[in-house]
Amino acid sequence: MSSHHESSSAHPSLAARLEKEGEVSVADCYQCGKCTAGCPAAEEMDVAPSQVLRLLQTETPKHEDRALKSLSIWMCIGCETCVTRCPQEVDLPRAMDFLRQEALARNVANQDADDVVAFHKAFLNSVERAGRLFELGMVGEYKLRTGHFFKDMGIAPTMFFKGKLGLFPHGGANKREVADIFARARAVKKESKV
Amino acid sequence: MSRIGVFICHCGENIAGTVDVAAVTKAALDMPGVVHAVDYKYMCSDPGQTMLKDAIVEKKLDGVVVAACSPRMHEPTFRRTAEEGGINPYQCEMANIREHCSWVHEKGAATTAKAIDLVRFQVEKVKRDHPLVPIRVPITKKALVLGGGIAGIQAALDIANAGSPVLLVEKSPSIGGHMSQLSETFPTLDCSQCILTPRMVEVARHPLITLYTYSELEKLDGFIGNFKATIRKKARKIDEKLCNGCGVCQQKCPVKKIPDEFNEGLSNRAAIYVPFPQAVPNKPVIDLANCTYYKTGKCKACEKLCPTKAIRFDQEDQIEVHDVGAVVLATGFKTMPVNNFSEYGYGKYKDVIDGMKFERLASASGPTGGAMKRPSDGKTPQHVVFIACAGSRDRLKGVPYCSKICCMYTAKHAMLYQHKVHGGQATVFYMDVRAAGKNYDEFVRRAVEEDGVKYVRGRVSRVYEDDGQLVVKGVDTLLGAEPVEIRADMVVLATAVQAQNDAEELAQTLHVAYDPYKFFAEAHPKLRPVETNTAGIFLAGACQAPRDIPETVAQASGAAVKVAGLFSQPELTREPIIAVVDRQPPPVFSHCVGCFLCKAACPYQAIEEEQIKNRNGDVLKVVARVNPGLCQGCGTCVSTCRTKAIDLQGFSNEQVFAELMSI
Chain U
78 MSSHHESSSA HPSLAARLEK EGEVSVADCY QCGKCTAGCP AAEEMDVAPS QVLRLLQTET
138 PKHEDRALKS LSIWMCIGCE TCVTRCPQEV DLPRAMDFLR QEALARNVAN QDADDVVAFH
198 KAFLNSVERA GRLFELGMVG EYKLRTGHFF KDMGIAPTMF FKGKLGLFPH GGANKREVAD
258 IFARARAVKK ESKV
Chain D
23 MSRIGVFICH CGENIAGTVD VAAVTKAALD MPGVVHAVDY KYMCSDPGQT MLKDAIVEKK
83 LDGVVVAACS PRMHEPTFRR TAEEGGINPY QCEMANIREH CSWVHEKGAA TTAKAIDLVR
143 FQVEKVKRDH PLVPIRVPIT KKALVLGGGI AGIQAALDIA NAGSPVLLVE KSPSIGGHMS
203 QLSETFPTLD CSQCILTPRM VEVARHPLIT LYTYSELEKL DGFIGNFKAT IRKKARKIDE
263 KLCNGCGVCQ QKCPVKKIPD EFNEGLSNRA AIYVPFPQAV PNKPVIDLAN CTYYKTGKCK
323 ACEKLCPTKA IRFDQEDQIE VHDVGAVVLA TGFKTMPVNN FSEYGYGKYK DVIDGMKFER
383 LASASGPTGG AMKRPSDGKT PQHVVFIACA GSRDRLKGVP YCSKICCMYT AKHAMLYQHK
443 VHGGQATVFY MDVRAAGKNY DEFVRRAVEE DGVKYVRGRV SRVYEDDGQL VVKGVDTLLG
503 AEPVEIRADM VVLATAVQAQ NDAEELAQTL HVAYDPYKFF AEAHPKLRPV ETNTAGIFLA
563 GACQAPRDIP ETVAQASGAA VKVAGLFSQP ELTREPIIAV VDRQPPPVFS HCVGCFLCKA
623 ACPYQAIEEE QIKNRNGDVL KVVARVNPGL CQGCGTCVST CRTKAIDLQG FSNEQVFAEL
683 MSI
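Chains as they are written, first to last, in the numbering used here: chain U, 78 to 271; chain D, 23 to 685.
The hints are simulated quantities; they were obtained by calculation from the structure and are not laboratory data. Each hint should be verified, as a subset may be incorrect.
[Said to hold, decoys possible] Listed below are several chain D residues computed to face chain U (Cβ distance under 7 Å; list not exhaustive):
hint	residue
1	Glu471
2	Val493
3	Val497
4	Leu501
[Unchecked claim] Non-contacting residues of chain U with respect to chain D, defined by C-beta distances greater than 10 Å in every case (computed):
hint	residue
5	Ala104
6	Gln108
7	Leu132
8	Gly214
9	His225
10	Gly249
11	Arg263
From a predicted model like this one, the values you see are computed outputs, not experimental measurements. For each residue, glycine too, the CB sits at the ideal point set by N, CA and C.
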């Protein structure tokens with residue numbers, strides 16, 4: 078039995094923070110299910126994308142927890158099919174992104190998604206460090222995090238010779254500006270939690 | 023011997039493509055009584071009609087059969103043409119060889135043979151046609167509008183503005199109806215009284231509208247254009263001419279603890295009272311059940327203190343009889359008592375209220391001045407739960423239909439609450455949100471998206487009290503039917519819309535049909551939505567089905583136009599296709615034996631009892647008589663009559679049998 082809709086006033090609900098930090102209003106969703114119907118990753122998910130929004134709508138810690146611990150937020154590939162088709166223009170990929178960061182911050186990410194989490198971290202770290210993605214660096218970090226050292230090794234030479242796997246980070250990236258984005262995002266998050 | 027002309031139409035290829043029209047013409051010429059037969063490409067065209075007209079004169083025809091399309095299409099055309107040719111229009115008949123023959127059969131000899139048979143039918147019929155004249159009925163150009171809510175107000179104003187006098191009868195002491203109790207109206211949040219009271223005043227001041235408040239219709243006799251309405255004016259115990267509405271009486275009345283109907287019992291009133299400050303007329307009425315004088319014979323405080331000496335304890339009900347030509351029923355609705363739903367705790371917990379009570383709580387003219395204060399302790403509720411479909415769509419304990427207005431007013435209530443209580447939370451339990459209407463869905467979405475109302479899809483199973491607080495136990499079906507419990511400070515039930523308690527009785531008084539839920543029935547659900555099956559009686563508003571204000575006003579104006587249209591004619595002209603009871607020379611007088619089986623069978627109450635008297639006034643025989651103003655020519659009485667005393671003009675038994683015997 079849940080204590081529906083009784084978010085403690087001390088902490089703003091995830092829905093309220095998502096609105097502030099991500100400018101996504103979950104109240105806009107009227108649960109038509111079109112996002113779930115068209116999601117290419119829905120079959121891999123434990124909670125349907127539309128249900129993730131419903132869990133946030135109630136503003137109940139119990140339901141928010143279920144969303145944060147779901148496998149779904151890690152299975153979302155950010156293809157944006159959902160938001161392209163949403164009649165209410167609810168930016169579900171943004172909401173997913175927000176939930177991923179929050180799950181990491183609370184250290185409640187679904188364990189079945191460990192590899193995805195590792196990739197997620199490696200990717201973002203790489204971008205933050207280099208100003209844009211440094212493929213080899215990201216692969217290195219991912220392998221360190223997961224221990225899958227020899228997985229997919231076979232395709233590395235082909236990629237290397239096609240110039241897809243540079244030995245050094247790409248030049249010309251606006252390193253400082255990108256670093257600023259990360260800093261700003263952290264500041265917004267801190268501010269909205271208060 | 024008859025001189026009948028037969029005119030066969032090709033209807034381009036519509037008939038001629040399938041039926042051998044030349045063969046039909048030839049066959050028609052061989053039929054006994056036919057002296058002229060001709061076929062033509064389009065009989066309904068000008069040359070075709072001229073051909074018919076000329077033939078009547080030249081061939082001295084006394085009957086005409088046009089073999090063409092459905093009489094629904096062109097019977098009036100050809101009857102008019104026949105009349106111009108000099109014969110009675112009812113001696114022109116149509117054989118439908120298009121819809122009944124060429125359109126539904128393949129080309130061939132059998133089809134042509136059928137067309138010939140159809141022509142023969144009509145030839146036999148037209149031989150037995152009698153000249154008929156349309157029935158003319160005078161019209162009393164005054165309308166009776168029953169019910170003084172927004173429907174009745176709108177209908178009365180529209181009829182009066184079209185130039186006809188109106189009697190507006192309202193059973194409560196003031197006009198205004200439910201709309202006067204509402205706080206704001208969806209989807210624009212207009213203040214209800216602000217838009218209604220100007221109309222109420224307009225009604226009161228209109229020179230063509232006579233207002234009968236605190237009055238009821240006792241009886242309605244007669245028929246379209248010629249009704250006789252008996253109205254009972256209940257005694258207010260006030261001389262309305264002397265009373266200036268100063269209000270001293272209700273201030274000084276010692277009985278003050280009577281639940282105020284207008285405020286849905288959320289405040290009290292005196293035994294002499296004006297229902298609300300903007301009441302029309304602004305004259306008080308004495309509530310006999312609660313007045314000390316009528317209970318004990320003592321008091322009369324109001325009489326002593328009235329500055330204009332307007333109190334009349336000896337005033338009696340008055341009966342007035344008026345001739346009216348049309349009636350508009352606008353008697354409105356009631357909301358369903360929720361006593362059946364003990365699970366919601368209505369009546370048990372003071373803070374479980376219904377929608378009408380919430381309207382009064384939210385109204386600036388209400389007992390709290392529009393402040394959100396709950397009934398039990400006057401505290402501002404921080405969490406309010408709204409339960410939609412409290413009685414609607416519940417076959418077992420409520421009504422099976424959708425009450426239509428609740429989704430919208432619940433959204434409005436929740437929105438008003440969010441506007442009035444900052445930081446408060448409104449939660450709505452619903453099954454479906456039915457917001458079909460101009461700007462309606464946008465309104466509901468606004469409640470959710472902008473005002474933060476929480477919608478939970480699912481029904482509530484129980485409302486109970488725990489530790490002094492209401493707990494609403496329901497389900498969230500959008501979360502896989504997960505049970506939900508909400509601790510609430512107030513619960514509002516969106517109760518079902520029902521027909522008035524006396525709707526059935528009134529329908530029977532007026533001979534108006536009604537549905538299983540006692541809502542008055544329209545003559546046709548799509549094409550005649552404001553007419554009843556009784557000619558001259560029209561419908562407006564929620565007495566017909568649950569309706570919101572815009573729909574009610576539209577329908578009231580529609581009914582008013584029907585009345586104005588009726589009144590715009592000098593007299594009513596009707597097709598003479600009606601039943602007649604035969605008359606014979608004495609001593610038989612009529613084959614009618616006065617069993618009146620016909621009277622029970624007639625769906626239009628058109629059969630009357632007629633006394634045949636001798637010159638001394640002694641009743642010799644009681645026989646049936648058909649009221650030509652009411653008869654619709656359905657023929658039910660003809661088939662019921664055991665002595666074959668009733669016949670239908672234009673479709674007599676003799677004619678129908680002759681048609682059948684011709685093949």
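Now the hints, each set against the structure:
no.	hint	in the structure
1	Glu471	5 Å, holds
2	Val493	10 Å, violated
3	Val497	10 Å, violated
4	Leu501	6 Å, holds
5	Ala104	5 Å, violated
6	Gln108	5 Å, violated
7	Leu132	7 Å, violated
8	Gly214	42 Å, holds
9	His225	36 Å, holds
10	Gly249	43 Å, holds
11	Arg263	28 Å, holds
Violated hints for the displayed structure, listed by number in ascending order: 2, 3, 5, 6, 7.
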